[in-house]
Amino acid sequence: MQRTLFLVILMGQCSFSTCSLYQYHFIRENKTWYEAQTYCRETYTDLATVSDMTDMRRLCSSTQNQDEAWIGLHSYPGRENRKWHWSLPGLEFNDSDTRWQSGEPNDYNGMENCVTKIQLWFDTTCSFRCAFLCYNGTKQSNTTFHYITTPMTWPEAQNHCRHHYTDLVSGLDQLNDPTVASYSSVWIGLFRDTWRWSDGSNSSLRNWKSLGDLVDGQSNKTCATVLNTAGTWSYDYCDEKKPFYCYEEAAPRKKFVVRMKLAADPSVNMTDPAVTESMLKQMEAAFRDKGLSVKLRWRKLPDKLNTTKEEPEQGCAP
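Per mature numbering (1 follows the signal peptide of the UniProt record, and there is no 0): the sequence shown = residues -19 to -1, 1 to 299.
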């Protein structure tokens, strides 16, 4: 089966690994978190959102600030407000794609915000010490997974992976790899917390200074700060007055419409939304492997384009 499809491609002005869509501004005025949020929204875009460690280094290098400063992360205490995230920035967690052991997650030992994999997944207290698996997505090697036998807490394991490799293994594509599946009793890059970004971003990056920050929902200190000299994060009472970081969106992304023909086995229904969505994800992953940050979606064609003498052209709705 062959179909002619149209893709809308939104391309950032950067590579996937060095994206600079945000311009950071350090404001050396002492304001509460909420006052800082209002100032940033009126003057720039919002309080600073940090999408990955590249952004974190850019923010820290934007000034010689020696003080704690607000960023746009705010906590909503309460177990019911926790959300799951993958450690690898940019990878969204999908509740329907999980491998939980029956009865999990269950907070059996209290606030269990981190995950170990045996064969299936268990929520675990982040202070436990386990072996773990790192993912290396930068070196040109067939071996992209690394088993670390030294037991560490989940934050220590994450820090080790980010320092020596890319991150803790994250997402089902990695976890379904036969190499990863063969290991048990290891940390994986799945955690939950109550923190949300001021601009509504889904960024899962966390760079906490201490372990306690992952055992959240139990403190009235619900606004996040960054210590510029170290680049690590802490939190404080939101009515404390501190300098702060705003961000401003850079030039808008370029938009392209591409016509392409795709062929598939006759048994594949290329009008099935699940099939077309899977195709988009695979193509976005292929772009990322080439160092390009893109967002793809199908464009529905006008009816007049569906009247050729050859096989009718079809568009796919999201």
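Heads up, some of the hints might be wrong.
DEER-style ranges, computed between Cβ atoms [what the hints assert, rightly or not]:
1. Trp81 / Tyr20: 21 to 31 Å
2. Leu101 / Asn11: 10 to 20 Å
3. Asn250 / Tyr128: 15 to 25 Å
4. Arg143 / Thr79: 37 to 47 Å
Each computed BS3-like pair below joins lysine-lysine, with the alpha-carbon atoms no more than 27 Å apart [stated by the list, open to error]:
5. Lys190 / Lys64
6. Lys64 / Lys262
7. Lys64 / Lys202
8. Lys202 / Lys222
9. Lys12 / Lys190
10. Lys223 / Lys202
11. Lys12 / Lys262
12. Lys202 / Lys12
13. Lys190 / Lys202
14. Lys222 / Lys190
15. Lys190 / Lys223
16. Lys12 / Lys222
Because the hints were derived from the structure by calculation, they are not lab data. Since we're looking at a predicted model, the values are computed, not measured. Think of the CB as a built atom: it goes at the ideal place given N, C-alpha and C, for glycine as much as any other residue.
* Hints violated by the structure (numbers, ascending) -> Per hint list: 1, 2, 3, 4 and 11 violated.
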